[in-house]
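Colleague: Sequence:
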Amino acid sequence: MEPTESNTVTVMNDPMKPISENDTLGTIDEENDCPIEEVRLTVPIIDDPTLPCLTFRTWVLGVISCAALSFLNQFFGYRQNALSVTSVSAQILVLPLGKLMAASLPRKAIRVPGTKWSFSLNPGPFNLKEHCLITIFANAGTTSVYAVNIITIVKAFYHRQLNPVAALLLTHTTQMLGYGWAGIFRKYLVDSPYMWWPANLVQVSLFRALHEVEIRPKGGLTRLQFFIMVLASSFSYYIIPNYLFPSITALSFVCWIWKDSVTAQQIGSGLHGLGLGSFALDWSTVAGFLGSPLATPGFAIVNMLVGFVLVVYVALPVAYWTDLYGARKFPIISSHVFDANGKAYNISEILIESSFEFNRAGYDGYSKVNLSVFFVLAYGLSFAGLAATVSHVALFHGSIRLFIIGLHQTTHVERGRINLHLLHVDRIIIHTLLKLLVRAVEKPRQGTLHPLARNNLVPRLNRRLKSVSKVSRKTHQIIQRPTHFRCKVFETEPHNVQIQCQHLRAPQDHLPHLIR
Numbered sequence: 095m096e097p098t099e100s101n102t103v104t105v106m107n108d109p110m111k112p113i114s115e116n117d118t119l120g121t122i123d124e125e126n127d128c129p130i131e132e133v134r135l136t137v138p139i140i141d142d143p144t145l146p147c148l149t150f151r152t153w154v155l156g157v158i159s160c161a162a163l164s165f166l167n168q169f170f171g172y173r174q175n176a177l178s179v180t181s182v183s184a185q186i187l188v189l190p191l192g193k194l195m196a197a198s199l200p201r202k203a204i205r206v207p208g209t210k211w212s213f214s215l216n217p218g219p220f221n222l223k224e225h226c227l228i229t230i231f232a233n234a235g236t237t238s239v240y241a242v243n244i245i246t247i248v249k250a251f252y253h254r255q256l257n258p259v260a261a262l263l264l265t266h267t268t269q270m271l272g273y274g275w276a277g278i279f280r281k282y283l284v285d286s287p288y289m290w291w292p293a294n295l296v297q298v299s300l301f302r303a304l305h306e307v308e309i310r311p312k313g314g315l316t317r318l319q320f321f322i323m324v325l326a327s328s329f330s331y332y333i334i335p336n337y338l339f340p341s342i343t344a345l346s347f348v349c350w351i352w353k354d355s356v357t358a359q360q361i362g363s364g365l366h367g368l369g370l371g372s373f374a375l376d377w378s379t380v381a382g383f384l385g386s387p388l389a390t391p392g393f394a395i396v397n398m399l400v401g402f403v404l405v406v407y408v409a410l411p412v413a414y415w416t417d418l419y420g421a422r423k424f425p426i427i428s429s430h431v432f433d434a435n436g437k438a439y440n441i442s443e444i445l446i447e448s449s450f451e452f453n454r455a456g457y458d459g460y461s462k463v464n465l466s467v468f469f470v471l472a473y474g475l476s477f478a479g480l481a482a483t484v485s486h487v488a489l490f491h492g493s494i495r496l497f498i499i500g501l502h503q504t505t506h507v508e509r510g511r512i513n514l515h516l517l518h519v520d521r522i523i524i525h526t527l528l529k530l531l532v533r534a535v536e537k538p539r540q541g542t543l544h545p546l547a548r549n550n551l552v553p554r555l556n557r558r559l560k561s562v563s564k565v566s567r568k569t570h571q572i573i574q575r576p577t578h579f580r581c582k583v584f585e586t587e588p589h590n591v592q593i594q595c596q597h598l599r600a601p602q603d604h605l606p607h608l609i610r
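Heads up, the working numbering is the position in the sequence shown plus 94, with the first residue counted as 1.
If you're looking for bench data, these hints aren't it; they were derived computationally from the structure. Take these hints with a grain of salt, some might be off.
Stated by the list, open to error - Calculated lysine-lysine pairs in the DSSO-like style (CA-CA distance at most 30 Å, straight line):
#1 K281 to K249
#2 K223 to K202
#3 K462 to K353
#4 K437 to K423
#5 K281 to K353
#6 K353 to K312
#7 K210 to K193
#8 K249 to K437
#9 K462 to K423
#10 K223 to K210
#11 K281 to K462
Everything numeric in this text was worked out from a predicted model, so none of it was measured.
Work out the full structure: start from the sequences and follow the hints.
Modeller: Structure, rendered in structure tokens:
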């Protein structure tokens with residue numbers, strides 16, 4: 095039997111003081127041994143289970159944030175340089191709103207009519223868990239719905255009306271399909287401690303800066319002070335490229351010097367060319383498509399940069415200036431479609447207006463659809479990327495089967511490493527064990543348990559675990575595996591009980607297995 099993770103719990107046990115249900119019994123000292131250094135340095139493993147989560151404030155601010163960001167990102171998605179409003183914006187804005195609701199709303203409980211359920215409009219101070227959940231709500235609305243492009247094209251380019259019910263079903267179907275795939279791969283891409291998402295660490299750092307009390311270092315700034323300074327500077331500068339001088343969003347010296355040269359425009363233009371010698375002083379231009387480079391690890395940036403150089407500065411010029419498949423008839427970079435003469439494709443020539451059907455005779459008599467060489471490369475490499483994912487796994491992980499099995503094994507535990515995603519579940523079980531032990535042991539001795547504990551602990555703990563398993567489906571599955579602990583209880587000094595619990599990999603006959 096090999097233990098996979100260890101937790102040491104120390105609690106002060108005063109036999110003269112009665113223990114109530116609301117007592118906080120001890121602290122859990124755990125080592126953060128996450129395999130990813132960036133996560134280990136950023137994400138704390140401590141938890142306060144007494145903080146309320148799904149409160150009235152969470153639902154109100156979360157739903158409003160999700161709806162607002164969904165509208166704004168869909169609206170700004172039509173810009174030539176897409177403007178992305180991330181969940182960090184909501185993360186900042188909801189903090190004063192949450193504190194305002196905590197200060198102004200009444201604490202009276204409200205009962206749901208016809209049920210025994212009740213909730214409070216103000217369960218206490220606005221806390222970190224509420225803030226995190228609201229940000230998760232907002233994050234669900236940060237990406238625009240790709241299927242909306244179909245609706246937009248039908249109305250804007252084909253001038254036809256789409257049934258609202260059909261449009262709604264189209265968008266909901268594609269969204270649910272995406273959430274379904276996310277749920278299928280959650281075990282491998284989310285639960286595994288090796289699958290980390292760098293952009294989320296930025297938000298974790300911001301949460302800690304906004305909620306943790308930090309002493310200002312001598313001659314320096316706290317994280318909150320630094321954040322406020324950067325926020326004010328960014329807000330002030332944003333007025334310059336977006337209101338006072340919009341031209342600085344794309345500056346091309348090559349185009350300025352050789353303004354009458356078509357080749358110079360193709361090489362130097364950042365809008366319709368290769369962008370050599372072009373740069374931008376607008377942050378939305380830099381981070382509008384691939385996200386903030388500040389939140390991306392260096393190796394990923396180098397990887398993207400190498401791919402960009404090979405495609406845009408090697409493959410694209412060679413294909414264009416060698417006139418591959420008549421590429422020079424069309425713009426070097428464009429997302430439009432063209433006819434055989436390089437002019438904009440006339441869709442009305444190949445459509446029957448009355449029935450909105452394809453006119454094959456008109457198509458044969460008009461022209462084939464032609465794309466720019468850049469658009470062809472972009473589309474081809476996008477499809478190649480799907481197959482490249484499989485090749486990458488086969489090359490770097492031996493085989494796809496072993497890779498999936500390895501991810502499945504590391505989803506929960508691997509060689510004693512703590513999975514941060516399951517840490518809260520283990521804490522619930524250990525905390526339950528701790529409460530029962532402290533109640534049962536009046537005068538603990540070195541290496542022994544009070545008879546009351548030996549006789550009553552197991553059935554009481556089993557009953558408690560059944561109630562704990564109702565916390566979530568995930569918790570229930572973990573307990574039903576089942577989850578087992580080997581525990582040692584001993585007295586380090588008078589009235590100081592230390593309990594050491596080890597998470598076992600294989601099942602025992604009963605839970606927990608107490609070793610004297």
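Colleague: I'd like to know which numbered hints this structure contradicts. Please list them from smallest to largest.
Modeller: 1, 3, 5, 6 and 11
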